[in-house]
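One line per chain: the protein sequences are A and B, in this order.
For the first sequence, my numbering begins at 1 and goes up steadily by one.
For the second sequence, my numbering begins at 1001 and goes up steadily by one.
These aren't lab readings, by the way, just hints derived from the structure by calculation.
Please read these numbers as outputs of a predicted model, since none were measured by experiment.
Think of the CB as a built atom: it goes at the ideal place given N, C-alpha and C, for glycine as much as any other residue.
Among the hints, erroneous ones may be present.
[Claimed, not checked] Okay, the calculated beta carbon distance ranges per label pair:
(1) A:Ile592 with B:Ile1214: 34 to 40 Å
(2) A:Leu589 with B:Thr1217: 40 to 46 Å
(3) B:Ile1214 with A:Leu6: 17 to 23 Å
(4) A:Pro16 with B:Thr1133: 41 to 47 Å
(5) A:Lys32 with B:Glu1129: 18 to 24 Å
(6) A:Ile20 with B:Gly1188: 40 to 46 Å
(7) B:Leu1004 with A:Ile592: 39 to 45 Å
(8) B:Gly1188 with A:Val597: 33 to 39 Å
(9) A:Ile20 with B:Glu1251: 22 to 28 Å
(10) A:Leu589 with B:Glu1251: 50 to 56 Å
(11) A:Val597 with B:Asp1187: 22 to 28 Å
What follows is the residue order along each chain.
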Amino acid sequence: MELTFLWPLIFLALVPVIIILYLLKQKGEEVKIPSTMLWREALKNMEATTPWEKYKHNILMYLQIITLLLLIGALVGPIIKHLGSDNDNVILVIDNSASMNTIYDKDITRLDEAKKRALSYVDELDPKTSVSVVSAARGGVIEGSSLSSKRAIKSAIKSVEKTELAADATDAMDIVRSIMEDQPETDVNIFTDTAVDLEGVKAQVISLYKDNVNYSVDSINYAVNEDSTVTALANVTNHAEDAVSFDVGLYVDEELITIQNVSLEGLETKSVYFENVKASGEVLEAKIEINDSLADDNVAGALLSESGGKRVLLITSGNTFLEKALLSIGGLEVFKSTDTEVVGKQEEYDLYIFDSCVPKEEVKSGNVIYINPPQSESLGVSGSKESSALKVLNTDITEYLDGEEILVTKATTFDRPLYAKSFLENDGECVGYYGISDAGKVVCLGFDIHASDVALKADFPILMYNMVSYSLDRGLVDTSELKTGEKVNIISMGSDEPVVILRPDGRKDKFDVAVSRKTYDKVDITGYYKVSLKDADGEVNDGFYASFPTDTESGVAKATSVNNLVEGRDVAVKGGKSAKKYVIIALVLMLIIEWIVYVREY
Amino acid sequence: MAVLEFDDKFFKQLNTLKLSMNLRLNQGMSGMRKSSLKGSSVEFSDFREYMLGDDLRRIDWNAYGRFDKLYIKEFMEEKEGLYRVFVDTSESMNYGNPPKADMARYLAAAFAYLVLNNLDRVYVNTLIEDSQTIGKGLSGSNSMKKIIFALNNMEFKGGTTLNKSIMSAPLRGKGCAIIISDFMDKDGIEDGLKYLAYANQQIVLIEVLSPEEINPTLEGSLNLIDSESEDVVKVSMNRKTLEGYQQTLDEHRKYIKRLAKKYMASYVSVSSDDDFSRVVFELMMKEGLLFKK
C-alpha cells in the first residue's frame, strides 16, 4: 500500500476536534425530573443486554470519525501495490541489460529475480489476459506478443536471455508505445534495476535495485616499448561506497603475467600501470582478483598488434612534410621511391602513398593513400578550385583535429566513389574521402600539402597518423576494440567465402559478406572475438575485443519511474491499483449508515 | 401550593357513589357500619336462649308465649369504619403538568368525602421522609371543611422512604389504608404493605404519575436530576433509551400490581392530567373501589 499524497493527513487533526465537540455536547442540558429511579434502572437494563451499550450513545461520533478517516483515506489516494491486473492487456518489460547480471540475492541475479517475479505475476493474472513480453536489451525485443496461454507467457519470460549489453528499460519504451497504440488500456510492468524514462507511458516500475559491492576494470591500453616489451594501463573503479584494496592481474591469452595491488576509496577510479611486461600473444587482459556482485565487468581486454613494422611505400618527388610525419609514426618501415613503376613489380607493401601522382595501373591489392592526385578517372577527380577554405568534417580520419578549416591555394574536387565517405569539403564538393574498395582501403586527399596552411600546424601529423592507421588497419574488421552492444563492420577482402567469427562463448557465427562490408551486430558478450576468412588465397585472421560497458552498467542508479514532474506523479498513481474508488464506496456507505442511525435515533 | 377548587360538580358526582369496603369491624366507636359484634342497633341479628345475667328488656316475650322458653332477641352492633388516607408529600409529587400533588389531593378529598358520607372516620396522613404526620380523625360531613383546609395547606417537599414512613405510626383496629403516591422509591413498598396487612388494613394503592413520566418527550443528551436526591443521570435520549424507559416503567407497575395481589390490595394507576370524572367513574369503579348507590 502506498499513498500518493500525504498532505490530507493534516486533516487527522480534526479527529480530536470531533471528540472534543462530542465531549462538550455530552455535558447536556440539565433537566430536573421527579425521580431518576426508572431512568437509572432503564440504563442498567440496556447495558446488561449489550455490553457495548454504554458506548452506544456515542455511535454517531464513532461513525463520524470513521467517515472522516475514510475521507482522508480517499484524499491521500491510496494505491494497493499488487501484481495482478485489472486490464485485459498486459505488457511485461524485462530489463536484460548487463547490469541485470548483478547478484540480487545469494546465487540469484537481478534478471533471475525479475523473471521470478514476472512468473508469479503471470500466475495471478486472469486467464483471459493477453500478455506481451518485451526484453529491453538490443533496443527492445518482443519475446512474445499478445499471448494468452500462461504456458506460452511463462516460456516467453524464461526465454529472456542474459546479455552483457549497455541498455535499460527506456530502450523498450518505443515498442511498448507501439503496442499501446493498438491497445490503449494496457498495464505496463517494467522489471528493471535502473531509472526508466517512461515518456508519458502509464507503467509500474518494479525495482530490482539493491545496494551492491561492485568493482570494474573500465579499460586497458598499452604501448609497445622499443625493447618490444609492453607498458599497459588499466583503469579500475570502485562502485561501492567503502574503500577497498584488491589485486589486478594482467593476462596475455589468459595466462597470468603479473599482478598489481590497488587501493581505492569509495566511488574512486584509478589507473594501474604494468610496466615493461613481456607480452607476446593475441589478447591482453586485466582482471580484478576479487569476488563482487557483478563478475562480467571484472575484466577488460585489448588486442596485441602483430610484431614487426608495417611496410609503407611512399612514391613522391620530394615532400619533407610527409616524410617527417611518417617517421614520427612508430612501427612503420617506410620505403621511398620516385617511380610509380615499382608498384606491383617488386614485393607487396602494406600501404602505398602516392604524393601528387597515380600509378599507371591500379593497385590490385593493398591500401592506398593518394595525396593531391592528378587527373584520374578511377579516383573520380572532377575538377579544381583556387584559394579555397576546406571544411573539415567529423569523421574517423579527422578525429582529434583542432582546426575546422584548412586553407589551400588549390583544391582538387572529386566525384566521391560509392564505397567512400567525405572528410573534407569545399562548398559541398568532396575534397577528401576515405573508404574500402575491392582492392583495399583508399584515402584520397585533394590538395598539395606544400600549398596549404595545414603543413605547419600540429593538425598535420595527426591527420597523417589517422590516415595511415586507418589504412594500415588492414583486416577483416574495421575496429579492434569496442563495447558490447556496439556494431562491427566485417570486410570481405573481395572473397566469396564466408567469414567465421569465433565468439568468446565458443559459438561460431558464419557470416556471408556478399558485398564489400557487412555489419555484425551480435557483439553481446565480453571477450575476444576471433574473425577468420579462409579462401584460395590462404587464411586471414583478425579479431576484436568487446569490453563490458562499465560506464553505463557497472554502477547503475536506483530504479525509479522518471518522467516530467507533472506526469510523474500520475504515472506513479496508475502504476499501482488505486484503492480510491473502494474508499469512496466505503465512505458513501458510512454516510448512509450514519443517516440511518441519526434518523432512527439509536 | 395551589389552592384546590372543590365546586358543586365535584361533590355532586361523588354523592352518587359509595365506597365499596367490606370491613367487618369489632372495634371503634359506634357508627353506621355493621360490625361482627351484637349490639343495640335496630338491625335484627339472631335469637338465643336466655342466660343468667342477660338484659331482661331484650327477652322476646312473644316467643316465650309460643314456646314457653325464654329467648333473647339479638341486634347488630354498628361501628364506624376507620379510613386512613396516606398522601405522599415528597418533592417528586410536586412535578408534572398538572402537578401530581393536585391529583393526589383531589383523590384524598374524594375518598375523605365518601368516608364521611358513610359516617365513617377518616384520617388524612402525610408521608414525609421516614415518618408521617397523622391527621386528626374526622367524622361527620361537617368535617369536610377541615379536610379541605388540611389538603390545601399540604407542603410537598423533601424525600420519602415509603416503607419507613408507613411503618412509623402504630395502627389500631381494622381499617382501610389508602396510599396515594407515585411509588418512586428504590427500596420498594413491600415492607410497608406487609405492615399494613398485618395491622388488618384493607389496602388501596393509588399511583399518581405525571404525563411526562408516562410518556417522556425528552430529546438530546440530558443530565437528569432527581428532584429529591439531586442524583444526576446522563442520558442520551433516543428511541432505544425511551423504549428502555417504557419497559422499565411497565416492569415497575407490574411489580406494584404483584405486591397488590400478594397483600389483597387494590391498585389503580392514574395520570395527573386525567379527567377527575374519568378517574372516579371509570378507573375506581372498574377496580371495584366505588360503586353507584
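Outcome of the hint check:
1. A:Ile592 with B:Ile1214: 34 to 40 Å: 35 Å, holds
2. A:Leu589 with B:Thr1217: 40 to 46 Å: This hint is violated: roughly 33 Å between Cβ atoms.
3. B:Ile1214 with A:Leu6: 17 to 23 Å: 57 Å, violated
4. A:Pro16 with B:Thr1133: 41 to 47 Å: 57 Å, violated
5. A:Lys32 with B:Glu1129: 18 to 24 Å: 20 Å, holds
6. A:Ile20 with B:Gly1188: 40 to 46 Å: Holds: the Cβ-Cβ distance is about 42 Å, inside 40 to 46 Å.
7. B:Leu1004 with A:Ile592: 39 to 45 Å: 55 Å, violated
8. B:Gly1188 with A:Val597: 33 to 39 Å: The hinted range 33 to 39 Å holds for glycine 1188 (chain B) and valine 597 (chain A), with Cβ atoms some 37 Å apart.
9. A:Ile20 with B:Glu1251: 22 to 28 Å: Cβ of isoleucine 20 (chain A) to Cβ of glutamate 1251 (chain B): about 38 Å, so the range 22 to 28 Å is violated.
10. A:Leu589 with B:Glu1251: 50 to 56 Å: 38 Å, violated
11. A:Val597 with B:Asp1187: 22 to 28 Å: Roughly 38 Å apart at Cβ, these two residues miss the hinted range, so it is violated.
Hint violations for this structure: numbers 2, 3, 4, 7, 9, 10, 11, all remaining hints satisfied.
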